[in-house]
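Chain order of the listed sequences is A and B. Here the first sequence is numbered in this note's numbering, starting from 1 and rising by one per residue. Here the second sequence is numbered in this note's numbering, starting from 1001 and rising by one per residue.
Worth double-checking, as some hints may not be accurate.
Cross-link-like lysine-lysine pairs, in silico, DSS-like; alpha carbons within 30 Å at most [unchecked claim]: (1) A/LYS196 <-> A/LYS116; (2) A/LYS116 <-> B/LYS1005; (3) A/LYS7 <-> A/LYS20; (4) A/LYS7 <-> B/LYS1005.
Keep in mind the hints are simulated off the structure, nothing from the lab.
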Amino acid sequence: MKINWSKYSAPLAFYPLAGKMIPWFGTVAALTIAVGLYIGLLVAPTDFQQGEAYRIIFVHVPAAWMSMFLYVVMAGWAAVGLGLNARLSFMMTQAIAPTGAMFTFLALVTGAMWGKPTWGAWWVWDARLTSELILLFQYAGVMLLRTSIDDQRRADRASGVCALVGVVNIPIIYFSVQWWNTLHQGASVSMTAAPKMATIMLTGMLLMTFGFWMYSLAVILSRVRCVILERESLQLWSKPSSVAEAVEVR
Amino acid sequence: MVYWKSVSDFLEMGGYGLYVWTSFIITALCMVWELLALWRRRVAALAESRGITRSLG
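Next comes chain B alone, as it looks inside the complex:
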């Protein structure tokens, strides 16, 4: 089922490893970074709205 003969074969990507892996890793990093940024934004927004709710309520 798996196309590759060995792990090194898989990592080399027929000589295109640098391009293929850079593409996949940059994509993954961007998505993880977006999730982290959102989480931080949410924590900040919650703290802000709690502060406002407390000061007004």
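So that you can see chain A by itself, here it is in the shape it has in the complex:
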């Protein structure tokens, strides 16, 4: 089957396509998170060093990974938008930012919940924690810059540049535990070495991560549909057949 990709780069053509994908991603997310929670909270044994407090890993690591991954994807869409001057790309940037900010917030809060019993402090000005906090400010910056500029095209470009420049912080967060002497533990899972955790724990963590990823896809596609409606409403009346129909149905 040949798919005409360029057709879907038009926001109004992408709108119904996104609508068809959302239930699938949402269902997979719900099922995967349910199984991940079952394994993480009920099946996985305790950690011999940290006791049951380690179970925070099943939300903390997936949230932290999504916070960085979504930033890279957001910056990627910003780059495409700036390069090709494509409206839909900027809309994707706009749609990803709130979910990325939410996962950054969750990584910080669940990290505090883990830090208190294991380190004795909710917060320390450690390289990993500080760079992740900066990531939260970056997401806020990308969103605030957009809302502070009235002209839509200028808002797109300014927040796009902001998102793109900020991507330098991602490798800093990722490698902070190697580059600096930090309190935060090193990577439990890396691409170069065998995972330093039991298979059942790793399975639970990877399922939760996959679930959060699918959740993000569903939520971001729903938000980009809202953004399309908000920004392209004036064009809707001229294309009543396909899009107005889709809008009415769903």
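Guided by the hints, dock chain B onto chain A, whose structure is given.
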């Protein structure tokens, strides 16, 4: 298959219950809140675009 001996054992989380459950509950609340906010945003956007479509069409 299940690791815990009893329900209270499960809820106590070896003395770390407060930290573990707060983490999971905050995560769940944020995700549910995001879904609700999106639903409300969608309802508002649809009403807005219907209004524009009607006034122009």
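Structure-based check of each hint:
no., hint, in the structure
1, A/LYS196 <-> A/LYS116, "holds, 23 Å"
2, A/LYS116 <-> B/LYS1005, "holds, 26 Å"
3, A/LYS7 <-> A/LYS20, "holds, 16 Å"
4, A/LYS7 <-> B/LYS1005, "violated, 57 Å"
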